[in-house]
Amino acid sequence: MNTRQFLFIFGRSPRGGVIDREMLDQMLTLAAFDQAITVLFVDEGVYRLTRDMDATASILKPSELLDLLTFYDIDSVWVEEESLMQRDMSLDDACLSVRIMPRAAVAGLLARHDVILGD
Amino acid sequence: MGVLHLVNSSEGLTRCCNRLGPEDALILLEGGVYAAMTTAAIPNGFDVELFVLLEHLSQRGIATCRVLPVFVVIDFEGFVRLTAKHSTSVTWA
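Protein chains in written order, with the numbering used here: chain V, 1 to 119; chain U, 1 to 93.
There may be inaccurate statements among the hints.
[Unchecked claim] Under 7 Å between C-beta atoms, here's a sample of chain U residues computed to sit facing chain V:
id : residue
1  : V3
2  : L20
3  : V80
4  : R81
5  : A84
6  : K85
7  : H86
8  : T91
[Claimed, not checked] Selected chain V positions facing chain U (in silico; Cβ < 8 Å):
id : residue
9  : G11
10 : S13
11 : M85
12 : G108
13 : L110
Keep in mind the hints are simulated off the structure, nothing from the lab.
Think of the CB as a built atom: it goes at the ideal place given N, C-alpha and C, for glycine as much as any other residue.
All chains should be modelled from the sequences, with the hints used to inform the complete structure.
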């Protein structure tokens, strides 16, 4: 099977988990078929990374999302630096291991992928 | 060829413009077409091709004479050609 480069962008605020659940289903399905997956958090999407978020009302807690990524060996997980800074957040606030990417590098990241899916 | 950015809201346009690459193209769709009437929508410092979908302008009663000249008005056929020309597309809702 051909391997294609998939990029998932979380750019909107977490909205109760249905969209997250669907995005996650897509990711895990692709991961099961050994496709290359990268995840990027930008803008309001970075709030998914918030540690200690009270997610009792949501279907999927942010930390669960990230645990599942690890379980499927999806380790290319990035957050845009400017999006964090604009929200007074830092990597210390993140509930999982993500790497920081400056906004200027995002266009290049998009161009390197075959399929881009967003929330 | 760069990335084709599909923008279908004004919020999406802001998100998109922050992350445009030098050879990318941008097309306004659905609620995003209103931005074709204002200079505020035009990304600075990039040689980005700008398009707006005719059918979605018409559905919202926006005459093509209201569209700024930097935008190329295209129909669905042109839209299909544009998607075929770019290897990757990304939707900003």
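Query raised in the report: Where does the structure disagree with the numbered hints, that is, which hint numbers, in rising order?
Result: The structure breaks hints 3, 4, 5, 6, 7, 10 and 11; every other hint is satisfied.
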